[in-house]
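**Student:** Next come the chains, spelled out residue by residue.
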Amino acid sequence: MTKDKLIALNKLSLGQSGKVHSLSAIGQQRRRMLDLGLVSGTVVKALQISPSGDPTAYMIRGAVIALRSEEASKIMILALEG
Amino acid sequence: MGLTKKNIGISVLGDGFKIDKIEDSDKIIALGGNPNVGKSTVFNSLTGLKQHTGNWPGKTVANARGEYKYKDNRFIVVDLPGAYSLMSSSLEEEIARDFICFARPDATVIVADATCLERNLNFILQTMEITDKVIVCVNLIDEAKRKKINIDTAKLSQILKIPVIATVARKKRGLNNLPQTVYDVCNNQIHNTPYQVRYDQALEGALEKLLPAVKETALNKLNSRWIALKLLENDEKLIKSLNTYLGVDIANNKKLQQAVNQALDYLESQGVGRENIRDKIVAGLFAAAEEIYAQTVQTKNKEYNLMDRKIDKILTSKKFGIPVMLALLGFILWLTIAGANFPSNMLSRFFAFLETKLLYLFELMNSPDWVTGIVVLGVYRTLSWVVSVMLPPMAIFFPLFTLLEDLGYLPRVAFNLDNFFKKSKAHGKQALTMCMGFGCNAAGVIGCRIIESPRERLIAILTNNFVPCNGRFPILTAVISMFFAGVFVPALQSLISALILTAVILLGVFMTLLVSRLLSATVLKGMPSNFTLELPPYRKPQIGRIIVRSIFDRTLFVLGRAVAVAIPAGMVIWLMANINVDGISLLKHCADFLQPFAYWLGMDGYILMAFVLGFPANEIVIPIIIMSYLSAGTLTEAAGLEQLRALLVSNGWTWITAVCVMLFTLMHWPCGTTCLTVKKETQSAKWTLAAFLIPTVTGMLCCFVFANVARLFTAI
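So the sequence lines, in the order shown, correspond to chains A and B. This note's numbering applies: residue 75 is where the first sequence begins, and numbers increase by one. This note's numbering applies: residue 142 is where the second sequence begins, and numbers increase by one.
Next up, chain A with everything else stripped away, as it sits in the complex:
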């Protein structure tokens, strides 16, 4: 895998980490994401997927936050190796 692959957060496999590159969400949704600390450079790790298939839990700045795939698809990240 190349080192700096730009993907949407919902494509990040479980256990993998990525660095936030940009947000394509707007308005309220974008504000909410920013409040959680999803600014560019923030490291996000995919932890766990809900047994019902969605949402996925991510480690964001020391907190575990679940995001639905619709939200996660609006967060572009650079997948980190490992």
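I should point out that these hints are in silico values taken from the structure, not numbers from a laboratory. All of these numbers come straight from a predicted model, not from anything done at the bench. Everything hinted at is true.
Lysine-lysine pairs mimicking DSSO-like chemistry, simulated, CA-CA at most 27 Å apart:
hint	chain 1	residue 1	chain 2	residue 2
1	A	Lys79	B	Lys421
2	A	Lys85	B	Lys451
3	B	Lys441	A	Lys119
4	A	Lys119	B	Lys451
5	B	Lys681	A	Lys119
6	A	Lys85	B	Lys459
7	B	Lys566	A	Lys85
8	A	Lys119	B	Lys564
9	B	Lys454	A	Lys119
10	B	Lys421	A	Lys119
11	B	Lys564	A	Lys85
12	B	Lys459	A	Lys119
13	B	Lys454	A	Lys93
14	A	Lys119	B	Lys286
15	A	Lys93	B	Lys421
16	A	Lys119	B	Lys289
We have chain A; now place chain B onto it with these hints.
**Tutor:** Frame of chain A; chain B shown alone:
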């Protein structure tokens, strides 16, 4: 399941501004912080109030208020709703922000989670931009230690230039310093000159240009730098609040507008467009938070929350997540039913024994028949049923449920089930409000405030009644054990009851999802709004506190309400059964009137009337049914479930009646308290009516279909 007098009767959000100081020396303290950091616990230990606490974000949904005395001042503490930031992304944040900004508290205490300090710092830094009278409580320091997170609070205080206190609020550790620090800050004995976040060059340049113009207006009462930031960001809600509270109409202040535009042009020239300003601000805040975090926090163990992740791997895994959840539900119900059996029997025997003594006493006193009737056969019997049937299961169920809440399991339930809610175009946090509904639907309806989007919140409010509350459990368990579990050997009976009850609850969940979907497709059209759900760290539950809290705050409160309703209801029923018109009792008149309709629902007139009379509280439905049959029939006593079953069967109950009663228990109009709460929360008579009609019509349809199909089959 925040079930206290306070949040049942609490007024709507946002009225926390008018605080009446009795004396000038009274001080106002705002208590803020991220959700689920132990704010309520700090609040309780400061004020001695018993605000309900639980390990899930969004529990404090309205401003709670309390007070305490320290030295020569009275301190009024306002517990603000938990918020991730003060940038008014949600109603809670707006309330918290406006309070800190415009109610001008004498000190703002921010409770921060030691195990997640970085994100909490964001909130702290934002507060420090608004007010310099800030005190930080780094709470849950014991959890942090356990996870080998070492926090240098002295250094943190030194960097932030405000008092920082390390606390374990649950164990009241470190809190004894808080009143003194609050006192000192309020009385200006500590002069805070808080650290200010430095933003990037472009933003700082723009701020410099804007500041003089801000300082010329009445806005100088507030922190000018912060106001300037908000003007650049074009925070419309704040700009509106500035007009409301300070009378500064920014849109019509030409000079200020001009300065804002100049600053924005400058930013533009530096390559920062208007739409990027907020991002820049947040990035600046988090960069500062990161830096401070790095200087004050050491994590010896990088994988400090490994244990939580391991637990989550089981409790929310694809394979085990949902089975474990169902098993837990079934197990709790089984413990409740099995455990309540014996004490319930003891109590009802005791009450029956007391009844004979009471009757004897009334006879000795030569009291007229109608007095004996009302007091003993009416009020006393209804009361004894309510107490003996409700108290034991509640005393078991509530502590168990509180335990799950305290551990942090409830957000996992929401996480596990979210996709079902998403498919119904509803909000995943609706699962949390349903959990609250188990205790009391009124509490569940208030809890819907945790859902930000008005559409999804309304769906959650309208469907909350599909979760059977604690007042309806006894009806279900009584019917189940009389008509279904009773045929099994005694050892299996509780287990079968629990299984059937679980199935009934699952039906309720299914109906919730179905009705939510239907509402989303019709009157409440729309797509799911944004969804973020925090899964908090698991916390060691405080067993002693759980028991005390769930017994006093919940069990006795719910029981008290049931008793308060049972007394007049017992009276009314006895009177109705004994006042004759045309030689037939009023009770029978009413029942006869309802009979044809009730028949189509698989029940009889007495049952339907009991549900109608049970509107103030569902707890009294079964006692009303019993008393009606007793007064109309030949049996005079029904102490145990055995006799009760015989009584019901002799009044025409079959298994079809039993199922229909259960269906109707699960789905009929919400109780009076819940209806009032829906009215209060929605501020709309129309939606209150909808909340009344939706479960009623659904229940009637289900009963009608079931009863008639079943009759058809049994006729064959």
